[in-house]
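Protein chains: 4
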Amino acid sequence: MPMSTALPPDIEDLRLRTREFIRGTVMPAEPRPGAVVPEELLAELRSAAKAAGVYAPHAPKEYGGQGVPLQYWSPIFQEAGYSLIGPSALNCMAPDEGNMHMLHLIGSEEQKRRYLVPLVAGEARSCFGMTEPHPGAGSDPAALASRAEKVDGGWRINGHKRFTSGANNAAFCIAMVRTDAVDGAPAGATMLLVDMDTPGVRIGEQLHTMDRAIGGGHPHVHFEDVFVPDDAVLGTPGEGFRYAQVRLGPARLTHCMRWLGLARRSLDIALDRTNRREIFGSVMNELGLAQEMIAQSVIDIETSDAIITKTAALLETDAKAGSALSSVAKTHTSEAVYRVIDRSLQLCGGDGVTDRLPLAAYLNEVRAFRIYDGSNETHKWAIARRASARRRREAEHGAPDLADVSAPIDAAAFPADAKA
Amino acid sequence: MPMSTALPPDIEDLRLRTREFIRGTVMPAEPRPGAVVPEELLAELRSAAKAAGVYAPHAPKEYGGQGVPLQYWSPIFQEAGYSLIGPSALNCMAPDEGNMHMLHLIGSEEQKRRYLVPLVAGEARSCFGMTEPHPGAGSDPAALASRAEKVDGGWRINGHKRFTSGANNAAFCIAMVRTDAVDGAPAGATMLLVDMDTPGVRIGEQLHTMDRAIGGGHPHVHFEDVFVPDDAVLGTPGEGFRYAQVRLGPARLTHCMRWLGLARRSLDIALDRTNRREIFGSVMNELGLAQEMIAQSVIDIETSDAIITKTAALLETDAKAGSALSSVAKTHTSEAVYRVIDRSLQLCGGDGVTDRLPLAAYLNEVRAFRIYDGSNETHKWAIARRASARRRREAEHGAPDLADVSAPIDAAAFPADAKA
Amino acid sequence: MPMSTALPPDIEDLRLRTREFIRGTVMPAEPRPGAVVPEELLAELRSAAKAAGVYAPHAPKEYGGQGVPLQYWSPIFQEAGYSLIGPSALNCMAPDEGNMHMLHLIGSEEQKRRYLVPLVAGEARSCFGMTEPHPGAGSDPAALASRAEKVDGGWRINGHKRFTSGANNAAFCIAMVRTDAVDGAPAGATMLLVDMDTPGVRIGEQLHTMDRAIGGGHPHVHFEDVFVPDDAVLGTPGEGFRYAQVRLGPARLTHCMRWLGLARRSLDIALDRTNRREIFGSVMNELGLAQEMIAQSVIDIETSDAIITKTAALLETDAKAGSALSSVAKTHTSEAVYRVIDRSLQLCGGDGVTDRLPLAAYLNEVRAFRIYDGSNETHKWAIARRASARRRREAEHGAPDLADVSAPIDAAAFPADAKA
Amino acid sequence: MPMSTALPPDIEDLRLRTREFIRGTVMPAEPRPGAVVPEELLAELRSAAKAAGVYAPHAPKEYGGQGVPLQYWSPIFQEAGYSLIGPSALNCMAPDEGNMHMLHLIGSEEQKRRYLVPLVAGEARSCFGMTEPHPGAGSDPAALASRAEKVDGGWRINGHKRFTSGANNAAFCIAMVRTDAVDGAPAGATMLLVDMDTPGVRIGEQLHTMDRAIGGGHPHVHFEDVFVPDDAVLGTPGEGFRYAQVRLGPARLTHCMRWLGLARRSLDIALDRTNRREIFGSVMNELGLAQEMIAQSVIDIETSDAIITKTAALLETDAKAGSALSSVAKTHTSEAVYRVIDRSLQLCGGDGVTDRLPLAAYLNEVRAFRIYDGSNETHKWAIARRASARRRREAEHGAPDLADVSAPIDAAAFPADAKA
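Protein chains in written order, with UniProt numbering: chain A, 1 to 420; chain B, 1 to 420; chain C, 1 to 420; chain D, 1 to 420.
Heads up, a few of these hints could be off.
Because identical chains cannot be distinguished in the list, a pair is counted as satisfied if it fits within a single copy or across any two copies.
Unchecked claim - Calculated pairs, SDA-like style, for lysine to any residue (alpha carbon to alpha carbon, straight line, at most 25 Å):
{"#": "1", "residue 1": "K112", "residue 2": "P28"}
{"#": "2", "residue 1": "K50", "residue 2": "L207"}
{"#": "3", "residue 1": "K150", "residue 2": "D10"}
{"#": "4", "residue 1": "K50", "residue 2": "P8"}
{"#": "5", "residue 1": "K150", "residue 2": "G374"}
{"#": "6", "residue 1": "K320", "residue 2": "D13"}
{"#": "7", "residue 1": "K61", "residue 2": "L105"}
{"#": "8", "residue 1": "K61", "residue 2": "H134"}
{"#": "9", "residue 1": "K320", "residue 2": "N275"}
{"#": "10", "residue 1": "K112", "residue 2": "R17"}
{"#": "11", "residue 1": "K61", "residue 2": "A319"}
{"#": "12", "residue 1": "K320", "residue 2": "G153"}
{"#": "13", "residue 1": "K320", "residue 2": "Q296"}
{"#": "14", "residue 1": "K150", "residue 2": "E62"}
In short, the hints are calculated from the structure, not lab data.
Looking at chain A on its own, in the form it has when it is part of the complex (with noise of 0.2 Å):
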């Protein structure tokens, strides 16, 4: 996996360690695909992977991460990716690992201490309550249903929430809820901490789905009269759209960064497969529909890969860009991942649908990325009226129409009028 750009030497140097924690101790331990890993395996991964000092490579060092910033993330991550277990290996999986980046960010010294301390660690494990059953927030977070009411020493929620990733193993949930205006803070979304042990919390029905590697499913959560106190809030109350972009956008981008690792094993795997097969007489990678396959496969890595190192300097330098572009690398790299992982999987023929091979299982894992973080097409509709909008300031600051087809013209610009 050549990562063509110069990274730091220290950066570059966790890279290559990481790249050998998992070649050398995660891949020989993965279990078959589509099955779940042991707790037991993955204490043991967690545990190695500290040792080896490349646990959980995007959380601050105070708290045992190693520290990287965002910036440098990808290369990090896709080395992880490589292994469908990888990234919870290292700890560096979501849903923890986009809550880990919030609670840095936005949480209170306590909250860190009593949050933050224990998910880096491995100790606890959380979820994310956003998604709502339909009409409510889904593609369109404006829909937010879930509702909590200001109480006497903290707040009241009433919801219900879906596709809840990983709620099910999870010691507590960052829940967004709509809030009234209240004490001088704005009405409309908050965030708040709760423990999956308060009363009336309730894990409802289990949505069974395609992918596989998010451990703790993606189940229904009921919120029905669940007291938290004023420090559950994280953040401001009412700022809650707001702090989800801070989550939505890198999170989004380290799927991106997990996954592109994942299609670098598929090609990898049916490079080893074309190197190795003759067919027709020939090694199979010297026949042009192979290759043809395979070009299009490293060129759909290489873009991946391009857009989100751009994307993750831009997050650094101007977050609201860096949001706007995340749209554009998580379409992208979830298309691109795709087409990696259906051409290698064509590329292995009749072995390529069997579970000899991981390919059919890992294709089950990232059909759902195009529709998980907001679906592309979504994402698509936001790129174009971003666009759109971003033209017509220019309009309005006197940028000529260049459509105009109203001018008279003098003479014909094609060759046969030139001729006629």
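Please arrange chains B, C and D on chain A, whose structure you already have, making use of the hints.
Relative to the frame of chain A, chains B, C and D by itself:
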């Protein structure tokens, strides 16, 4: 045109001034699509560009350029390419721009004085004699058939080139010829600087192509017993193929940069249309079929920008890896740019196919780019072979066979099996 | 060109004679790509076509045509379209061919005598006045703005048409205008036969477009107080929109047929190239990247042929369903034909972009077809709406909601769940 | 599901009754996606199908089928395929359906009595032993490695098959083996009817695949000194490869028909979703990003239907040409069906990836079809080779070289040249 990565202040300043120059000075002077730029107009624009301090951004300052490092050419060249005649106005158009780059890196001081100085100043033009009629050098450079024979005090050239872009107006040609081993130099390819008025140099048949932006056409050039002195050798005899890489990697990348600027222009034309036009009772930009096309174009532009940026940075730190990645950048960008212009034309409906808008002309310009600078199929072939070779090396260094299906397995992984 | 469905013997015989005529007589007379066909040449070719018994295949025998039923036009028109000037040579080119079809179906005997007879004979040309400047009739016919007012003994027309293909050479125009309810006829659109030399008819601005194959250009046409007598009404007043469907369904299908012939020609050019050209030590047709492109082109051609055949048969048994399916045929074929020519050009490398081969010219011809006859986006919009409406009707007739996710489920369907 | 071509009344009647049976009887009995159909349920459904007069549409009437000619299988099989278990319920599922077809065409009366009668009746199942472990017969049938040796009174088989679809439940196998020339029969491949309980026949390792619809799995089958009598030869010894074409052309086409029915079901699921669901203030079917996906799916379905119809008709009039065209039909339809289901899943958002809807299961079913029955790449390779050979024959019969660029030309064809 939001340049999303943070640029150093002086580069950002040059970019903004280039943008202003292109939009304020060059675009109002644009001839009709498909028309040739009159020489007087070009001279005026170049004077204005010098006055505005935006002339020859890539050329060294001591020769009259702006001295921008390769790593930062992309944002500047994209601004230039927003007008089809912008790169010529700034004297950063092919083939002169690539020849300047090579003369700067390889030429002797005397060669720089004699060829590079007037080239940068816009007092002379040049061409690069590489492609030959079939079965000579084309996609496969190893088929080089033109030859130079060592004679007393110099070399005698005999050969036949075609697609010699810019040759009609050129003062000199950098001719790629096959040479025998001589005086300790290896047999191989040698680059020779040939004044176009040397006896025996003859412009042959003109190739009429669908693109127009390169002044000086793409004619055949014949070398018939052409004598050049010893100091006409660029660099060292026998090193021509290696030098060609020095030229071709950046040259195909600058093409990407310029055409990406034109893609941005095309998208803006379409946005101006869809922002103002109503159809079926809606403003067009609100219609999803338009939004799909707009979003895909933004994704094409942003991923092209990202892979160009990555490749340019890599070319400065690792020329060989950068040259390899330039195959990815060229293939992706040339396809992406074509798609963007094609969609923009489609969004403009019937007006798009007329010469009231420049999109049909742009489409013809960039169509050829999917073939020039190595056809995309040749690049994909090279990309696939490099990927296979990379993985073969990893296998030799102990990577396990990820496609091995021979190991027995003990249980079923897929659902029906689990339940059967 | 293997026509794979069994044709009746007389049709197959005409197809073979048409093929022979096009390849033996028309192709040797083809002008250079992009050039206009001289009138004398066209007259000669038409005489030869009459002599060969292949003239006007679609026109009724009593008017001098071959009387082929619509169901079998496709194989004949494809043979004609193998040459860009073939359809004109056989007088089965747009817009005359569509106007013949409509005059034959709707015209009075007197109208047939006066307009259809010379049109089939090649003594007169025609145009169809439908499209108007924005915001008039374009993709949305309901926006029709040109009007005819009932006056004593006839109608007075005022209006402005654009993209009136063929108008420069036309003897008459079938003009689509808005009319009020009159004499029992409903308000709506009416078709009027207008001699082009009627006072008040004026050819306006010429639109210069990237396509060339339609003689007579695409000019604006102005109607300024133009009087036409009562018998100028084609069919019945107020029925114009219905008649337009009579014309447009088959007309867009015959475009598909002709262009599909050109796609076959383009593929043959590429096959001649790849069968003879060696590169990288192989005959090109053995290189997989070429094989991929060739195979995709065959698939594009065969699927286009199949959907055209199906639509043509349907148009004869169920005009409304046939017209709806013609949206599918037009969209698929126009995209497919463009891809075939684009790939063929690519397979010819540098020669493909020069005028030594006609592929660049062909590409410009067919590019416009993705916009003409209803842009593909307009057709897709209609296709989607029809599909939604069809399913809504099925729901009203008792079809269960297949997307219902509200029912409780009792057990897990996916593997990990089964094992959890 | 509008069947757009006019069918003979008795076929149309059977289609409508099949449709009614599938929707009224089979769909309400469908097990959860991915689950295996219980044998009792299958037996019940087949009894009901017999009672409804829709059982075994493709099988001859004298054996209990409906006797529909191949030309009209498509509309019936598409109705059956609207339910994933529909084809099994009607006993027209692979591999039995293809084996019935071959036994009917090639089998002796005694073989028909013994094997075809119970197969049609649903009292026995079968498998087809063709594919072998690498490097045996796979994409390249010529690599066939299993052998039968002529012995007294019969043949002794030794070989190893894999991907033997349906073998777990089969009463007999049609085994493809290599045989030497014997008794005037040529050396080559021979088909042998082997009862699965014959000594030496052994089911080996089970292949667990991502598809589920074929009952009886895809296990390895070993033949170890298996003796079969002389009358076990299907047809004539040495003709196996030719017979295989008899089976494979129609068999891959019936797969297309069945899966196309499932694609229609998937689109209907998505339409039910988009017709009822509101998002961003609109009914989803009015949102253009949805319309784009719906329209593309309709185009995919209609073009697949058309190419299947064309191929089925051709198979009856020209088996060789029909078999060649079946490569086009298989490649196009398998890609098209996959895209339709993929888009439908995407249109259903988060619900699409859960088992509340069957789309994720469908996607896994049809993914394998792009590899089964000859991978699409193998078909594309064959399609390209046939196209090249066809054109080479035309050249040998005098067709001029359309790619010849050697002739001199006298004037410029493109605009700038004309004006230069």
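Against the earlier hints, flag every one the structure doesn't satisfy and list their numbers going up. Of the numbered hints given earlier, those the structure breaks are 1, 2, 3, 5, 8, 10, 12, 14, listed in rising order.
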